[in-house]
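The primary structure of each chain is shown beneath.
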Amino acid sequence: MKKVYGSADEALEGVLFDGMLIAAGGFGLCGIPELLIDGIVKSGVKDLTVASNNAGVDGFGLGKLLDTRQIRKMMSSYVGENAEFMRQYLSGELELEFNPQGTLAERMRAGGAGIPGFYTKTGVGTVIAEGKEVKQFGGEDYILEEGIFADLSIVKAWKADDTGNLVFRKTARNFNPPAAMCGKICIAEVEEIVPRGSLDPDLIHLPGIYVHRLIQGEHEKRIEQRTTRKREEA
Amino acid sequence: MPWDRNQMAARAAEELEDGMYVNLGIGIPTLVANYVGDKDITLQSENGMLGMGPFPYEGEEDPDLINAGKQTITELSRTSYFDSATSFGMIRGGKIAAAILGAMEVAENGDLANWMIPGKLVKGMGGAMDLVAGVGRVVVVMDHTNKHGDSKVLKACTLPLTGKGVVDRIITNLGVLDVVEGGLKIVECADGVTEDDLRAATEATIVG
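As you go down the protein sequences, you meet chains W and E in turn. Using our numbering, you'd call the opening residue of the first sequence number 1 and step up by one each time. Using our numbering, you'd call the opening residue of the second sequence number 1001 and step up by one each time.
In case anyone wonders, no lab produced these hints; they're calculated from the structure. We put the CB at the ideal spot given by N, CA and C, even for glycine. Any given hint could turn out to be false.
[Said to hold, decoys possible] Which chain W residues face chain E? A few, computed with CB under 8 Å, are given here: (1) G31; (2) T68; (3) P116; (4) V167.
[Said to hold, decoys possible] In silico EDC-like links for lysine to aspartate or glutamate, alpha-carbon gap of 20 Å or less: (5) E/K1123 <-> W/D162; (6) E/K1164 <-> W/E140; (7) E/K1164 <-> W/E133; (8) E/K1147 <-> E/D1168; (9) E/K1123 <-> W/E133; (10) W/K221 <-> E/D1178; (11) E/K1185 <-> E/D1196; (12) E/K1123 <-> W/E140; (13) E/K1120 <-> W/E224; (14) W/K230 <-> E/E1060; (15) E/K1123 <-> W/E95; (16) W/K221 <-> E/D1196; (17) E/K1164 <-> W/E130; (18) E/K1120 <-> W/E97.
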């Protein structure tokens, strides 16, 4: 089965539809599927629900899909650093489902692992628990959270082989593996596709079984908060 | 004189013991890393890293290497990377010994509010709810009062909670308080701050 496609547009062909649920990898602007986001903007698909830790920044990352009003609902843990997001949310144009970060990651992982729900301590006694089943284990309260089953996953990795085995780099791994796992179809974009056999099988971060389509391309990899220290004088 | 930001961070660093895996929040808690001295502390960054190093030298920033505050950082010889589900597995699973976090409000029963102000500020809880529910010990570092001079150490939180009954110790510019049965107990006062000063700036019940 051929997994490698020539471009984001080709890879997205036939998988997009209005009202769909998309799970996206990335944390802030780190490890985000830039090329696939651009492809989705171009496609014009609308009324999207997007599960992603953040919503990018104004004009970059998922922020692009907010600018074009293609997103109806976000499932996120943190939406700071994005004025357009805040404006659409406060004016009621955009629906927002806050998820604690670990709960969002586990909901994706669970969905990908065939687990429709799990109990967690996170959020007990807060607004996050409202409307959710509470169950006691060992005398402590836990709340029921549901697995996420996405129609499409879009993720970014560092390298792939042509069978879809993925290797991530440093903290750009973040939400990409759980996001990849929870989609009916997963498209990965990478910096380099290498021939099968050239990645060490013991060092694969995400097996190719989770990856259905694959593209290679150039990434801007914008830095959100450039922080440095001074070199000590010699 | 009340403690300044660096003195609060230095005091918070005394909470850490050799061999601990620790998560530091954004703001003053980040400064705690500067005061751990010779102690062998491994810092977790919840976006998927253990063994967080200092900021990079100019020109050596790597867009693939950031902390949970989205700042560029560096790795150490002990560093490991993992995905977000694994990261919060170790948080929820109680493997992280302590979290040092900022706060908007803390209550005498250990309730913590630090993620939103309804109608004004909607940023999200990020990983804070998972951290306070999962780690071994929660230490809050914050100013004792807000910019209007109102106490942030309350009988009950007025803002939406991050966690219920989760705070163990509060370190402010005025001193250190522990959450105990029936209220807060004064552990120590900042240099030149009296117990009376501390009580006057605290709305919460102080016991003992």
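Going down the list of hints, with the structure as the test:
no.	hint	in the structure
1	G31	7 Å, holds
2	T68	22 Å, violated
3	P116	16 Å, violated
4	V167	11 Å, violated
5	E/K1123 <-> W/D162	39 Å, violated
6	E/K1164 <-> W/E140	12 Å, holds
7	E/K1164 <-> W/E133	17 Å, holds
8	E/K1147 <-> E/D1168	25 Å, violated
9	E/K1123 <-> W/E133	26 Å, violated
10	W/K221 <-> E/D1178	44 Å, violated
11	E/K1185 <-> E/D1196	13 Å, holds
12	E/K1123 <-> W/E140	29 Å, violated
13	E/K1120 <-> W/E224	23 Å, violated
14	W/K230 <-> E/E1060	12 Å, holds
15	E/K1123 <-> W/E95	14 Å, holds
16	W/K221 <-> E/D1196	53 Å, violated
17	E/K1164 <-> W/E130	14 Å, holds
18	E/K1120 <-> W/E97	17 Å, holds
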